[in-house]
Amino acid sequence: MSFLAQTTTTTGVNFPTIVFTLAVWSATVFALIALAMPDQTPEQRARIKAVATSGAGAALFFSIWATQTQAANAAGGAPGGELLEQHSWLSSFPFPSTYHLDADGLGLGLLLLVSVVFFCASLAAWRNDRRVKLLSFCMLILETAFLGVLVAYDWLLFLFFWSLPVAPVYLLVRGFGRGHRARAASRYAIASLLTTALLILVAGLITVQGNLRAFDMGTLPTLPGTGQAVCFWLTAAAFLLAMAVVPVHSALLDLEEDSTGALAAVFGAVLPTMGAYGLLHVTLGFFPIAVNYSLFFAALAVVTVLWSGVMALRADDLRRLIGHAGNVLMGLVLLGVAGHTTISLTGATYILIARGLAVALLMLAASAIQERTRRIRISQLGGLAWQAPHLAAFWGVGILTASGIPLLGGFFGELLLFTGAFPAHRWTTVVVLGGTLLLAGVLLWTAQRVFAGAEHEGFSRVRDLGVLEITYLGILAAVSLFFGILPAHFDTLFMNGATNILYPLSAG
Amino acid sequence: MYNAAWVVVLLPLAGAIFSFVAETARRAAQLCMAFVAGSLIVALIVLGDRFAHHTLSGLPNVSALSYFSVTLPSTGTETSIFPSTFGAVVGVRVDNLSASFMVLIAFLFLLVQGLGMGMLRGDAAHRRFFWLSSVLASAMLGLVASPGLFQDWMALGAMTAITLLLLLHRWHREETAAPARTAFLTLLGADLSLLIGLVFLVYRLGGAISLSTVPGGFTAAPFDDYRILDPIWQNTLSGAPHTSYQTLTILCLLLGVPVLIRAAQIPFTGWFLGLREAPLPVLAAVSVSLLGGVLLLARVYTLFLSTLHALSVVAVIGAAGAVVLSAACLASRDIYRIALLSVAAQLALAITAMGAGGYSTGLLIAFVSSPLGLLLMVAAGGAGRAYRTRDIHLMGGVWRRMPRTGLALTIWALLTGGLDLVGYDAVSAIFHNRFPNAGHLAGWVQGLAGGLAMLAVLLTAMYAGRVLIAVCAGGPAPRRGGVVERITEAGPELRRVALLGAAASVVAVLIGLPGVSGFGSGRSRVPGLTFTHWVFYGGIKQDIPFVPLALVIALAALAAGLAGGGLVARLRWAGLRARLHLPQISATPALRRAGLVAARLAGAVSGELAALDHGLVEPLYDASGEGLETAAWSLGRLRGRRLGIGLAAMLAVVLILVGLSVLAASGHFPVRTT
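Protein chains in written order, with the working numbering: chain A, 1 to 508; chain B, 509 to 1182.
The following block holds chain A by itself, in its conformation from the complex (with noise of 0.2 Å):
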């Protein structure tokens, strides 16, 4: 039990529950905080770096202690715990609102997976000068984005977080983009504010037809069957299109081909992984029907996994190759969501980590290779691990975590992914496999053109990894292990999840 959850004190004193509050506003307190801070000098833009990093450690810090708390917990990963938080908040609407902040198990997974992978790109914010300010002003408002979805339990909120990223990331974008920016930003602006849409409209059938009175998503909506299909189209074309899955990944793969550094793994890791746990928590959780289709789900896995990882074996752009790669784990995120099982789905959620780490660990390698070399597209690229073999390192920790390699992230989430899907689709279950041993080898290849062969006399002044770029990645790599090893840490916290997501009466 920890402090800042609600506990019985000897003096009868009951302590407000705020860890996900904290957890989710420390990101903006700093963000405001870097707001109105100058950034003539470089000693000010510093401090300003400093508060940003500051910003994403307090939100990783107590998105740990909220994942711990749960985690410990035998009934851990159910909603309506001991963190829950639930004040009222526009109460005099004639459909009220409330302040409502739960997680359920893969809630609580990708908190900690958004909040590291932010940790580590405001460390990599660090190399950059330029317009200081309103990248980390951005990045944490950003970050109170993402993690305000995963905790938000009343529509309303969840809408507001959902909306949120539109204006940063359409900044950070035109800002600090490269190539097409102004085309990639545009695409994802309409991309989000079209899935926004689509979402404001199932929010208020859900509040009108299924006689809630409220806000709430605490409470199961009781919708007759047409609204419950509509409902349920409606809110998978929205998050399929925030997943980025075939055939609508190409706003997405723009939006990581044309941003640099940080954000190229920002985008990567998180924005997609919103729209699955969309697709989980919500198309899933609230609409039973959804397990008629599953088949419609199967067949989008596989076609997600092929043509995807097809198109890598085509990229010849680095950051596209590896936005592909994580395209085709969004198919076996797909698989899991087709398989509709306790196991599935939390296999589902193992592998949404495990790709969220292997992306983000990926692009930042992939910006230290264009930073070094001026060059991303891979064609123009090869023996760089003359010169930078802590990087070739780096990077072979990424494509490792991407194969499933046993004893890092991705392996236990494939065991489970595939034991719970194959009993409802055991012939897609096989080709989505064949479909890991394509990403293997086009990742494995990709490697071996960019970092083995002669050494490239272009490239004889690359410096290797310095202390900072090992920090972070080191940081990615060391979470992809710990997932890899002790994947038992939180087994009972996702099933608990995902029972819930299944089964919402029984779950807890």
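Take these hints with a grain of salt, some might be off.
[Claimed, not checked] Restraint-style ranges between C-beta atoms, simulated for each label pair:
(1) Gly999(B) with Ile470(A): 34 to 44 Å
(2) His489(A) with Ser588(B): 42 to 52 Å
(3) Gly630(B) with Gln44(A): 44 to 54 Å
(4) His489(A) with Asn945(B): 38 to 48 Å
(5) Thr757(B) with Arg127(A): 30 to 40 Å
These are computed hints drawn from the structure, not numbers from a lab.
Just so you know, even glycine gets a beta-carbon here, dropped at the ideal spot from N, CA and C.
Model the placement of chain B on the given structure of chain A, informed by the hints.
Just chain B, lined up with the frame of chain A:
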């Protein structure tokens, strides 16, 4: 005491970790070797304790930790598919098999690292080789001492990753990239096949069998332990409602493919043979890891026993593989390639014996042949370095110029040629033709496997004789840049490793002698503690009987093979000298004519085999490594319109499936859901 097995598994890993703090690469290497040696000592202690207390019972001691365990919700229908408590353990299982093979594996990796000390001095990746080989040793020991298929899968997956890293020892060379990628993808394919096997095992058998009938008190998931080794579980299996012939056959296929890939058996040999550009210590480490395939087969043996015809298929594939690999050995001139082929060929005989029901015999063959394979590699490394070539036809005179290496090669050739009794063991197992569950091979399968095995034994003796005569007899072939005086004995480290390898090979042969039975009575009775009395299936001890016919065949094969191989080597040598217009070997005209006819015949046969190997088998494997480049190149040539058509087609498929899904939701289309 059995908890000490944890130490055996973890010590090499600790050595690898500690090697990072060593100041110099040499000190790191010594640290790794010291930890592997420590592991060997503890493994010997565990083996000794097992001898003292559990000589004949064969019952395992398991020390395990829960790796994960989840309880499924009782609300849904999942408990009808999966066990209600779903989980897996990791740990150590000390039985006679694991106690023996832990000693062997630790010893072999010590030799491998000794080889690395001798051959990689000054190499840029010296430190990396040692910590990686230590981690590989740890993973293999984890596989040997694994209490269940889950740990098997984990250990094999870790071995796949480490193998890739080892093969990238010379990562900057183009010629190593494609073979390393091929090997990695092939091994990863094996791991995925095993994963599907595990998933299928859980799905088809997990919730269907009454676990209360299983001895040992295990109640968790099916791959928690090796229940499929237990005869009682086997009986339960055969009566289980979900267990059909089809189910067992699919399981055998899914678990058999990883066995064949891991042991580099046909048709999955290419990934292993393509590695010959890697440094010899790396090849030695990878060749030791081939034992993993045989061990996996031993652990899932019950499954194969329970399945109609599965062991027959194993026997025929093994015997055919032994013939092909031995013939390829005979056709090869590259001594590294011969060493690799030889390791795979010997394991093929082990698999043949296990397919014929000789569980103990097969494991004995694997046990005996592993140090022998390593001995050849050590000797090949010394000779190759001294002669600056890997072509055995350019070598010669090792007996005179490198006497200790020559002695090692002689021991290898004589033992491999037949004195190690591997051929005898394999043939006698086929003649004996008796499974532990009292089944047997059909007559024609026995005949086919027996014929192939005898041919393989003959070819084995031939290539051993050929290597011995070509490398050790005569003198080195004159060639540009070759200075005979520079050919000197290998360094002391390599000599030490060769000596240890030779001694281990002889010991391994001695403990496997057939027909040895106990003598004496009462307290002074000495049990006939040969390998087959010690490592056996379930509670059924399999003695290797003394079969005079098999012994005659094996000895005849040895004699004929050594003579034939020697003749081939000498005549090839003569042909080479003739082409170089050097003085011919003096011989009578009749003998010369007969020799030339034999040489032409042998040259034609071995040339055809070499052409088959180079022209058909190798390109197939190269294609899998280079296929990625080819596919990417082809995709790059596709126009955008074609891609658009492809995407449109895929979208159409998705839309059709969506339609079907909607129909299914409304009950108009049958679909399987959970």
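Each hint tested on the structure:
no. : hint                                 : in the structure
1   : Gly999(B) with Ile470(A): 34 to 44 Å : holds, 38 Å
2   : His489(A) with Ser588(B): 42 to 52 Å : violated, 29 Å
3   : Gly630(B) with Gln44(A): 44 to 54 Å  : holds, 52 Å
4   : His489(A) with Asn945(B): 38 to 48 Å : holds, 42 Å
5   : Thr757(B) with Arg127(A): 30 to 40 Å : violated, 58 Å
Hint check: violations occur at hints 2 and 5; the rest are consistent with the structure.
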